[in-house]
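What follows is each chain in one-letter form.
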Amino acid sequence: MQIISSPKVYPVIVIGSGASGGMAAWNLTRQGIEVLLLDAGDKFDRSTYWTHVTPWEARERRARGERPPQFFLDRNESPYETPAGRPFDLTRVWGHGGKTNVWGRVSLRLSDVNLKEPARDGWEIPWPIAYADIAPYYDKVDQLIGVCGGDDDSDILPGSRYHLPPPAPRCAERLIQKGARTLDIPFVPTRRANRTRSVRGSIPCHYCGNCGAGCDVAAFFCSADHLLPEALATKKLEIRSNAVVARILTDANGLASGVQYFDRKTGSEQQVRGKVIVVGASCVDSTRILLNSTSRTHPNGLGNGSDVIGRYLCEQVRFHANGYLPALAGGPTRNDRGIGGEHLYMPRFNHRAGHTRDYLRGFGAQMWSTGASASGAHGGSEKIPGFGATLKREIKRRHPAWFEIHPYGEVLPYADNRITVDPAKPDRFGVPTIRIDYTIRDNERKMLAHMSDTVEEIVKAAGGVFVNYTRGDVDGNGTAIHEHGTCRMGDDPKRSALNAFNRMHDVRNVYVVDGSAFPTATEKNPTLTILALAWRATDHLADDMRRGTL
Amino acid sequence: MNRRDALRSLASTAAALAASRTWIHVRAEQGWTPAVLTPAQDAEVVALTEAIIPATETPGAKAALVNRFVDQALAGAGAAQRDAFLQGLAWVTARCQAEFGQTFAAATPEQQVSLLTRIDDDGTIAAAEQPGADFFRTIKGMTISGYYSTEIGLRQELGDDGRMVLAQFEGCTHPEHQG
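Note that the protein sequences, when read in sequence, are chains A and B.
The first sequence begins at 6 in the numbering used here and counts up by one.
The second sequence begins at 64 in the numbering used here and counts up by one.
Bound-form chain A, shown alone:
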């Protein structure tokens, strides 16, 4: 097959256009640096979203053969293997903006409790940075993307001067909060990247609650809506769509010299040359690219002399409990749509005085789908015994009263929780596909027991009744969609792939700026930190480029 290679050498090639790649492209182009951005998919068209399509209209549209946009990548298009009995549910979005098109939007700052914990408890390597290093970037990200939240500030969840007003809690959330308070477990206003006020002229959130369908007025942060247009406006950005990156190419000295990709539509192989490569294809796909980028200098994958790339895959372990609050049953149905997620969040508390634990790290909890459902009866209604008028009456009675609690616990990094590539199993372009081998272990099981105890105590204190909750049931690995750790940053080049500015120890013109850079998963949702670290890393890169010290 003919390989199409362009003679142009781009100052920077960015791989991926989600939170990490989008931020990198935005921050470099606004500083006058020319960027070629490669994304594995197309631009999604907001005007085609079904955000506010009523069920009635939806039926007519379907009859006309229309379909809502399909955000999620079909696993068959980029297959991966898992060992028998150890599934891993990988969720990927290929297209401009990546997962930020449909992300959960939870935007929590890491704190020094998180960042200094590995050094304290000795499990695996410490973070090479502290809160003070990220804090200025969190401030800038909050202002740029728009994050609603309260004025609370704690050791575990640092506050922000730039939060937009938080949405008022729903009744059921208030009652859970009130119950938890008697246990000295605080719930605080959620922090989500929903624009409860206009940000630089944008349309604010209007509380339709259907963020999962994509926002047709861009009222929550999405890289494709809020970063890429500004970057394009600088005239310094070129975007190539449907560019499925296979490998980073290297020169005789082992430095990156370009990128090899395949056109998703035509299958043709292309090569582009660049002086610097910034990798932000999301944790698993970035890892695939790095491990497949083998050469004489990098037989084990690009910049993987330490053999850490692909290892230490960690996300979060979680379960879902729901039930209803008899105090609210039989009351009027309220419009609980809100910002399409919980309005109150339970920050981690187990590190505080008065709490004990027999495991490392900790957990927080979300409460999405609490209150009256806007899409039908709550799923728990099917568990109500009986049928006929009695059932119908009880479903209505409980409708305003449902609560859900979703705790997220940190999974430790383990060397053998690992992504590898298998040359014996090539994809349709002939590129080795990945294998994900991931399990949770004793520490997570002990934490899960504490998570269960906590949820049970809170529900009891709030006067709730469980409907769908079985102690010990855990959601599948991968379902949190918070993969981290497989290309981690650290001070020790023998135990980490990146330095404290996301630059490869072994390959000084390659940066990796997505969640794979995190040494630990923490109990928090990663996107806000990915944005902050990608901004910080590309500031560092831009400085180097200006000084000519790269």
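Hints are computed from structural coordinates only; laboratory data are not their basis.
Keep in mind the model is a prediction, meaning the values are calculated, not measured.
Hints are not guaranteed to be accurate.
As the list claims (entries may be wrong) - Straight-line distance between alpha carbons at most 16 Å, and here's what the computed EDC-like set of lysine to aspartate or glutamate pairs gives: (1) K388(A) with D185(B); (2) K388(A) with D184(B); (3) K183(A) with E462(A); (4) K125(B) with D105(B); (5) K183(A) with E239(B).
Stated by the list, open to error - Take a look, some chain A residues computed to stay more than 12 Å from chain B by CB distance: (6) A140; (7) S207; (8) H303.
What the hints assert, rightly or not - Computed footprint of chain B on chain A; a stretch qualifies when at least three of its residues, placed anywhere within it, have a C-beta under 8 Å from a C-beta of chain B: (9) 211 to 218; (10) 384 to 395.
Note that CB positions come from ideal geometry on N, CA and C, so glycine has one too.
Following the hints, position chain B against chain A.
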């Protein structure tokens, strides 16, 4: 996939269908014919869904055309799920024929209640009724998904105001709910 797993997964399929809003029949569609169900099976499904969510002060499953939702879900389901459902439906009809000498749809309300009471899972299902119980759990879930995602179920019965554009989110204003 065994029969039970097939039935369970069918209920999930139906719930996903309801959530995806591919379904909502608010007015009678002229000339509708089922894609999967025979007319006799459709009549049984109409009667079963109405027995699960009947007309009260608001219309029930029959008026909300939940039978069409069930047919649509079956059409989109795998063969194993579809077969398991139809076998369960046949079990109900056969049981009614044996006990009452007529189909479920033709049985009296008392007869219907007497059968459904035995196969509604309250944790004490007799072994002989287990196929009926597995089926009933499935069709009950499908009825709830289908009915409450219609305008009748969501707006009229549950009282959702349907508003998707608010200037402010008021939230809880009850003094007694504040901590």
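Structure-based check of each hint:
no.	hint	in the structure
1	K388(A) with D185(B)	holds, 10 Å
2	K388(A) with D184(B)	holds, 10 Å
3	K183(A) with E462(A)	holds, 12 Å
4	K125(B) with D105(B)	holds, 11 Å
5	K183(A) with E239(B)	holds, 10 Å
6	A140	holds, 29 Å
7	S207	holds, 16 Å
8	H303	holds, 44 Å
9	211 to 218	holds (count 5)
10	384 to 395	holds (count 8)
No hint from the list above goes unmet by this structure.
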